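Novice: Below, each chain spelled out in residue letters.
There are 2 protein chains.
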Amino acid sequence: MSENNNPKRTELSSLGEFGLIDYLTKGIELKNPSSRYGVGDDAAVIDHVDFQTLVSVDLLVEGIHFDLGYTPLKHLGYKAAVVNFSDMAAMNARPTQIVVGVALSNRFSLEAIEEIYVGIRLACEKYKVDLVGGDTTSSRAGLFISVTVIGQAKASELCYRKGASENDLLCVSGDLGGAYMGLLLLEREKAVFKANPNMQPDLDGFDYVLERQLKPEARLDVVDALEKAGILPSSMIDISDGLASEIKHLCKASGLGCAIYEEKLPIDPMTASVAEDFKLVPTVVALNGGEDYELLFTVKVTDFEKVNKIPGISIIGHMTSTAGEAILLTRDNESFNIEAQGWDSLSNEEQKKN
Amino acid sequence: MSENNNPKRTELSSLGEFGLIDYLTKGIELKNPSSRYGVGDDAAVIDHVDFQTLVSVDLLVEGIHFDLGYTPLKHLGYKAAVVNFSDMAAMNARPTQIVVGVALSNRFSLEAIEEIYVGIRLACEKYKVDLVGGDTTSSRAGLFISVTVIGQAKASELCYRKGASENDLLCVSGDLGGAYMGLLLLEREKAVFKANPNMQPDLDGFDYVLERQLKPEARLDVVDALEKAGILPSSMIDISDGLASEIKHLCKASGLGCAIYEEKLPIDPMTASVAEDFKLVPTVVALNGGEDYELLFTVKVTDFEKVNKIPGISIIGHMTSTAGEAILLTRDNESFNIEAQGWDSLSNEEQKKN
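From first to last, the protein sequence lines are chains A and B.
Positions in the first sequence are counted from 1; adding 22 to them yields our numbering.
Positions in the second sequence are counted from 1; adding 22 to them yields our numbering.
Same shape as in the complex, but just chain A (with noise of 0.2 Å):
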């Protein structure tokens, strides 16, 4: 396990509850100016002046969202905080500030939750955000983390699902599906490992699609590309749980239906090369796999030429009239109503049950 990996273990009991607090924000600088006070009261102070704030939240659970089996502590630190500023750039907004609760059992160490914090520490540092607060305690079992993130936008500037019109461009960001097959890689060795414990881990020549698994990164510089571009997405969303997931959100929340293509599909050599090993079709990998935290957003039609002269932005489709219908067209001219299959916590609980 990733948090007996540390020679030295000091229990968090001997520090308590505001002692830990105190080591683990120890040196937090503030940055944003925005921040007016941080870490050490009831509440932290954020004043966005001309702005509008966002706010979100999301939960990372143990044995749900991660496994530590194969998650170093430090990278599922800066997961955490990144996946939050994922919904920043979302909504095209940038993120500022974050707080953050943890809950763990016993079975962690001083040096685990640190190394967590580190995580977090290093995503704040690399997108210039400030972590204001937080909230640590014990938990029965497992280790629970919880990123709230505050950003901002001017009112006119924000992207919400709902604003796509007919015939609106859909644009993807990146590539499509590699997160997806890091993890089918980290849940085989896992498996491997467990049957023989002498074997070593052949991770060796996978490192993009792991990264996009372990170290996923909020496309913030998107969202700086567009606004340099002069391109306001009439709606957006990120990637979190699958294409097809996403693409229905954006149908539902504009009361229209799209049509992507195939061909269109972005999907780095690797993704598409593991996708083989495991006997997966690479279009139903980048459709339905989860996690990549790229942007989808719809430009309208006269914003073709400057959205296609962005590098890494592939337009996969068009939104049509018809209310609630994704439609893929393949290659060979067929065409298949697209289901979104993106992952569910509460669904893939009970699979596991069963």
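In short, the hints are calculated from the structure, not lab data.
Here the structure is a predicted model, which means the values were calculated and not measured.
Just to be clear, a hint being listed does not mean it is correct.
Identical chains blur together in the list; that is why a pair holds if it fits in one copy or across any two.
Said to hold, decoys possible - 27 Å max Cα-Cα, derived DSS-like pairs, lysine-lysine:
| # | residue 1 | residue 2 |
| --- | --- | --- |
| 1 | K270 | K48 |
| 2 | K150 | K176 |
| 3 | K53 | K96 |
| 4 | K48 | K184 |
| 5 | K150 | K237 |
| 6 | K274 | K237 |
| 7 | K53 | K176 |
| 8 | K53 | K184 |
| 9 | K150 | K286 |
| 10 | K212 | K184 |
| 11 | K48 | K274 |
Based on the hints, put chain B in the right spot on chain A.
Specialist: For chain B alone, coordinates are given in the frame of chain A:
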């Protein structure tokens, strides 16, 4: 167990994650002018215009912060929201929005989580706070609730822990120790019931202290009363971990000490009577019992007349220059150093383990 009281049982997995969120947030109307967009997108949107924005998070963990053996789920939801509103009161701010994260195992039904949300929404209605977002997921075991509260205040009205000056008067709202006595009663009846399941719990006549434990309120009314009286406290904190612990926080943050008078500590007669039943000294209960969610604050000596006129506020002592030294002056004119023995989830967990 409370979650089995309801004869109807709908499995959470039958709705799926998005269905569940839709179900739980159905009919929510945004009431705060600052709530621009609520549930249903990647983030909620808030506009505090000329106000500062405050944010705070609290986790409530089954088996650590609550026992479903005697905590009705509706009360749990109410309390989860209210303890966060109390953090806003502690800053002299008003809560405006919350986002809620719930992780729960499949031993809970839809009706169970609905009860939690009924309690949360009841608290929101009473305190005029909007529920603007959340995350719902599975856990392998147990129930975890994460509430993040957003609030607002004018920058000039904010009260930090650090603002007290020497000779400032120490004031406390309401009375102390009741919530702890309620907890002891509930724990005693649980033990009796465990020993003999045919025994009916004998909680009649203890309504006040039981309500202090199960259905605490946030003292936003005190924030209003102070404003009306023209008093800006020099420092403020809410009493969640016990007076002794919170007084230490105020002293430390302000670089001062304090002296408080035993005879001035506000203790309800029922709290005193239950304390005596348990062979506890009421003063010790008032000092160390947690979860009263009253406000502890300091005001300038020149505000004495004004604060003295506000009903339900007790002046219990004053700030001194001896940094870090908190003194209790007893009825017998003896003086004791106050040691914080407040509740600490990490240390308490350790005690349970040993």
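Novice: So, for every hint listed, does it hold in this structure?
Specialist: Hint check:
1. K270 / K48: between (44 Å within a copy, 20 Å between copies)
2. K150 / K176: Close inside one copy (18 Å) and across copies (26 Å); limit 27 Å.
3. K53 / K96: Cα proximity of K53 and K96: one copy only (22 Å, versus 40 Å across).
4. K48 / K184: between (42 Å within a copy, 18 Å between copies)
5. K150 / K237: within (17 Å within a copy, 40 Å between copies)
6. K274 / K237: For K274 and K237, the Cα distance exceeds 27 Å both inside one copy (30 Å) and across copies (39 Å).
7. K53 / K176: Both, since 20 Å and 22 Å are each at most 27 Å.
8. K53 / K184: between (33 Å within a copy, 21 Å between copies)
9. K150 / K286: Neither way: K150 and K286 sit 33 Å apart in one copy and 48 Å across, limit 27 Å.
10. K212 / K184: neither (41 Å within a copy, 50 Å between copies)
11. K48 / K274: Intra 45 Å, inter 16 Å, cutoff 27 Å: inter-copy only.
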